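There are 6 protein chains.
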Amino acid sequence: MFFHVQKLINDIPVAEPDPAAAKALQEGLGGQFGEMRTMMQYLFQSFNFRGKAKPYLDLIQGVGIEEISHVELIATTINQLLDDAPNYRGDRTPGEEGSTPLRIALEQGNIQHFLVGAQSAMPVDSTGNPWSGSYVYNSGNLTLDLLYNLMLEATGRLQKCRLYEMINNRAARATIAYLIVRDEAHEKAFAKALETLGVNWGHILPIPKFDSNKYPEVKKLVDMGLNNQQYHWRLDGSEMGKIFRGDSPAHDGQLQVPSNAPEGAPVRLADERPEEFAPGIPDEIREMVENLARV
Amino acid sequence: MFFHVQKLINDIPVAEPDPAAAKALQEGLGGQFGEMRTMMQYLFQSFNFRGKAKPYLDLIQGVGIEEISHVELIATTINQLLDDAPNYRGDRTPGEEGSTPLRIALEQGNIQHFLVGAQSAMPVDSTGNPWSGSYVYNSGNLTLDLLYNLMLEATGRLQKCRLYEMINNRAARATIAYLIVRDEAHEKAFAKALETLGVNWGHILPIPKFDSNKYPEVKKLVDMGLNNQQYHWRLDGSEMGKIFRGDSPAHDGQLQVPSNAPEGAPVRLADERPEEFAPGIPDEIREMVENLARV
Amino acid sequence: MFFHVQKLINDIPVAEPDPAAAKALQEGLGGQFGEMRTMMQYLFQSFNFRGKAKPYLDLIQGVGIEEISHVELIATTINQLLDDAPNYRGDRTPGEEGSTPLRIALEQGNIQHFLVGAQSAMPVDSTGNPWSGSYVYNSGNLTLDLLYNLMLEATGRLQKCRLYEMINNRAARATIAYLIVRDEAHEKAFAKALETLGVNWGHILPIPKFDSNKYPEVKKLVDMGLNNQQYHWRLDGSEMGKIFRGDSPAHDGQLQVPSNAPEGAPVRLADERPEEFAPGIPDEIREMVENLARV
Amino acid sequence: MFFHVQKLINDIPVAEPDPAAAKALQEGLGGQFGEMRTMMQYLFQSFNFRGKAKPYLDLIQGVGIEEISHVELIATTINQLLDDAPNYRGDRTPGEEGSTPLRIALEQGNIQHFLVGAQSAMPVDSTGNPWSGSYVYNSGNLTLDLLYNLMLEATGRLQKCRLYEMINNRAARATIAYLIVRDEAHEKAFAKALETLGVNWGHILPIPKFDSNKYPEVKKLVDMGLNNQQYHWRLDGSEMGKIFRGDSPAHDGQLQVPSNAPEGAPVRLADERPEEFAPGIPDEIREMVENLARV
Amino acid sequence: MFFHVQKLINDIPVAEPDPAAAKALQEGLGGQFGEMRTMMQYLFQSFNFRGKAKPYLDLIQGVGIEEISHVELIATTINQLLDDAPNYRGDRTPGEEGSTPLRIALEQGNIQHFLVGAQSAMPVDSTGNPWSGSYVYNSGNLTLDLLYNLMLEATGRLQKCRLYEMINNRAARATIAYLIVRDEAHEKAFAKALETLGVNWGHILPIPKFDSNKYPEVKKLVDMGLNNQQYHWRLDGSEMGKIFRGDSPAHDGQLQVPSNAPEGAPVRLADERPEEFAPGIPDEIREMVENLARV
Amino acid sequence: MFFHVQKLINDIPVAEPDPAAAKALQEGLGGQFGEMRTMMQYLFQSFNFRGKAKPYLDLIQGVGIEEISHVELIATTINQLLDDAPNYRGDRTPGEEGSTPLRIALEQGNIQHFLVGAQSAMPVDSTGNPWSGSYVYNSGNLTLDLLYNLMLEATGRLQKCRLYEMINNRAARATIAYLIVRDEAHEKAFAKALETLGVNWGHILPIPKFDSNKYPEVKKLVDMGLNNQQYHWRLDGSEMGKIFRGDSPAHDGQLQVPSNAPEGAPVRLADERPEEFAPGIPDEIREMVENLARV
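Chains as they are written, first to last, in my numbering: chain A, -2 to 292; chain B, -2 to 292; chain C, -2 to 292; chain D, -2 to 292; chain E, -2 to 292; chain F, -2 to 292.
Keep in mind the hints are simulated off the structure, nothing from the lab.
Be aware that one or more of the hints could be misleading.
Chain copies aren't distinguished; within one or between two, either way the pair holds.
[To be verified] Once the Cα atoms are required to be at most 27 Å apart in a straight line, the calculated DSS-like pairs of lysine-lysine come out as:
(1) Lys51 / Lys206
(2) Lys51 / Lys4
(3) Lys206 / Lys49
(4) Lys206 / Lys217
None of the values given here were measured: they were computed from a predicted structure.
So here's chain A without its partners, still in its complex pose:
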């Protein structure tokens, strides 16, 4: 059973709209190695888990639950990059007298962000291909599933490092840096689990291996230890800590399961966008709706 708190797992600073960055970030949301995929892959692996080695189940599932919050975070980030990109300041009849307030959609980013969605995130990758269930890997063999998961997190981190090198928008950067650090922690979770099965990783971790501390937004989070922590997200406790502890498999500190969930950052309600007819409450019933919300 799943529960929710209406907060973001990390804060997104306010920044200028940037539809091209929004299009790029879709790879991290709906791409083959994005957050929807890690989320669904780990949830399926945990629902389908076999055997009594519960700490492994709790580890895979714990990371999986966090990924739902990553989907929430990156979708919200994309929304902020799109929101108000057309800079429309009109009244309730956009397009009046033949004007073209949404012209920007033909010029930048993914046109469907404006035409199909209402300046908001979609379950597609950076070229607009929809997410596919065929991405989910779950062989049932524990060694293989862990090996795949390690590779998956490393690929996710690789792509986010490349996104970092493409985009310097402040809102995008905050989320990209956060995900670089969390993907690293997840890499370590699966690498450590494979260590308990006898693998020694030598010096290849994390993958890709380079000094991400040179990225200022990343360094701040690493200094807080976020790359070696993994919360379990369970209201009923977890045995994840039997695996996620001791030396980091990247030899850069001690792994730790914090006792408390992060506090989270507030969710800001997005503005109405009349040029998208979103939410497009008809005038006749606007008062009724507002009353209902006020009660």
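Given the coordinates of chain A, assemble chains B, C, D, E and F onto it according to the supplied hints.
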């Protein structure tokens, strides 16, 4: 931010394996109108919500959170229908001397349940087509999104009623009946939200309209009032109850947001299946793994 | 602009239900070489036609219009093969007391014919893959488009001959035989058009080349000359006849554009199927609906 | 059985090429809520119709037939936006001496419009994803099918309103405005059918609700009453008018089934485009082809 | 540049047709972890290789070239399982007098094997989903690509072990056993390459880890040392042997690059199948074709 | 069995990077009528060949083997067009201090070329749709397969002529011109095979028909006779020459099977790209890797 309790939202009774039923139930998991779709659709709609009418956001998101638990429930049900279907009772080298313990895979159900997964659920529909991100509908227009959601729940309920008429396996039936009742509650949630915008549904609800009380497994749940309740699944409270209250739009009782989440049913750890090499812990490290789990 | 007469282009005799045949016939409807594809391919080619060689436009478009009627015919045939397959004779609450009137869906044919559709045709192929816009070929080069169309019709005819060898249900056979003959006429239309560009086909036509007159249902239609006729389906006349005339490129008669459309066969309204909740008119409004229909 | 008149359902004024607008308009042709989808959905629903409520069948089918003409209209509009975009004025060997007359394809719009098609429409959406048969919804339950159709038309209209705000090319605008008005009429058709089943829509129609009369190209058509009319497109009469009559469900006039089809606008034969080798008639046979066309 | 010898990389014994086994084996040909995928993945990785570490390039490419021969082998095996399955013994007009020589297609295996192909292999998986380019993984990061390749081979081997447990047809078994052994050698190739980067695999290899020597068909090949050999398939020499040498990472022998390619097994020309119209040479030209072949 | 020489089938001159051209060329690699498709189609047709007409088998297979080398050639060309496009000249920590060395990815071409791949080719078309197994055509009917192959080569050639008109980058042009000429030779191979079955093509070949000699890069290759040659790529001889000989079906020379394979052009090892973390050898093991390569 999302949290988890390792319990099922409804209990699944023990029953005989039934791979054909498992194949059918995949429609309810990874089909176009299945639980993965409702889950992703409502989560996207809530992450992308625009405007200040927070009760609508809380309603859509609350149903969306419940859908994650439905994905968990139906995946686990499919697992139970598949588990031990080959009735393999051998030691650790299945296939020894050329035997064919997995022959059943060629004869019943979806062969990939045995060949790609390890007698477990997959993100595909009842004919094996993978789930697609193109299923997710999120126009940004509140009226349209609610209308679609109502139609989506009604279609889900229609398909589950048809599944009921195909399958009488006890485990499958328990989950099908539960989802028929919950889809009905969700239909009412979106129908009621549209009532607050001024729509009057007359006598068409729920869709399909018929006396599902004639189904014994459904009647038991309706008698408990489950078809008129909607818990909010939020650890920080919810404004959903400003909409989900008063007369049911199907004129069959009073809508109510319960103050407590359901207690949930225990998750049973699935057995190892050596014929699937799942989890396939190598002998050399089995003790190590078991020690780790025991600590 | 398109118009319709509510008649079928060929009659479908009444026969027993046969879900396995229905699944097979889907290849002819929604398969890569089925009627939806020929229809969309020729319509796109005619909307996108370049140059002044209007007889070629009228030929391609004329065949395309006929293909819409083929989609109608084969969909209706599939419906007849599915209709009443479960042989349900109950009242308005199917599934009552836990019965399973739709059990057949787990045992024969494509389960989605019963679970997603209501014993009716779908835009998918014989293994359930949905029709794709990527099938449509339209290079803009007239020679190439004609060559592809010839190959397309020949492949369609080949598959229908194979279907003939799989199925002996009377309803299915009537439609298969009709389409074998019409695909042959369409092959000739495109082969003849290529003859006007200078190609000589020797003895290879029609493809596949064999004596389909040995098929009794086919012979009847060939004796009526249907394999050498092509009506234009235009209310405003057509120049198709400038190409479709003279010796058949298969050397088996004279091509002819008849002056009148076929008379067509009556469309039978399909029965209600309560076990599918189709159409599922609620009792409270049944009278209202029936009155409306009676007026 | 289907028939054709080689005319367009609405006129397309001559305007400058605009490949970016052509790419955008593909959403209205091959997108999930475009004209190919409405066409196929309503045709399938009518071929698969169950029960004796013939006016509903005739309504759904009548709208479906019109949609084929919409596919024709929007494909032709896209063609006009693409045609001559490269502004090539050479002789019959484009690319001679290494020149690059098609360079524009790398810079604007959808490259496949020039590379795969010959400056012409394709069955894909605005990001190039091919149309899919999985879009078609046909549950067999009349209430549900009507509800979906209403939602589908409203979403189509929403997207066309957004397209209006993106594009001010005269040819594109004429078609967009026409489709906004016709989608509104179709919304009303399905909303009215649901009214006959007892639903009262209050003030939410049409969706999205706003004053589209502020769009000059739309106003002209509304003033002609096109938003409250629905022709039946049947050569053998129709019972559609038993539903489509009386007060508009949007409370803006009286619904009416006109007794005559619109007159239609002439189809202009598109120019040859040697830079696309379309139609690319070889010199050796050009005279032969021209003679044939002249006869 | 690629070259070919018209021989099979391993012999396929003659056996009875078995369409259900043919359908299952498609997973190994066109499935997500089948031979088409390994082939395309390694070819892309080698064409896109970066840096001067040529032995790694030669290793990846060498395995990739072998995979083309695996595609040839498994396709041919599927063909043998399908060939003559209908047991048709008629003359050149199959279906004569309405008979149904292809009826088996409705009863066993993948219907498209008979309807779309002519009793022959297709690029699809075991449920009929077509192979997708999205399967190919090529991050450009050497460690990651090697890690993925190891996981890919292990998953392929896992699925082939499961196929072994499903099928005891002699022809199928010969190929399955061969691929189990070769996938193991490929696992070792990538595992060894990762060892050169510093990883120590402990006791987890091969994955899945179990005694495949208990499979008689496998044991024969292991006894010949095929699980520790890797030929380079290059006419111009290869540096692969700088990596593929020394102790096997599974601790079961010494890795070795043989100096000669295997001799190969003869390709048998498949019979004509008149019931499929394959090859369907028209009578009029049969002599001409046979003369041409005889010369 | 397949073999390899690490050389390119044609030389690629050094030229400036051009990501937009790289995106366009993907149509020729992973598009529906690109080299991956011809390769897989002819390989499947040859593995599945029926009957004793071995010269036809050898012809189809011979062309198929060459297509693997075309895949290698066009992938390498795309790589050269992408390589160093970002013009990054930094040390091993790209992105240091928040810089954006990969910004170009948001501005030109296919973003996944930089984000998913490491400035390298992918199995997708020019709009990013992945290659699909559904493209492969193999009916089993020889006449039909040959007809399709002729059409396929002609379409490939048509698209390459259009690419020629879009791009004047020297590296791209060399490969495009080479493929125009080779596609022409392949057209003739299949056209000639159909001539042996009795077809006379008149003056329509090659398709598209125009004077490609006006393209300087093409003329050079035609002058060398490359448009009328077809090597067999077999180490064990071939009967292809029984068909591919005599007058060209385009009446422009004599067809000829050369006795020797082309010499090939050297493969250049691509540079490391630290901004892509490709190959991203960790510093700790770089020496180890370099030693291994040096031995």
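Self-check item: Violations among the numbered hints
Solution: none
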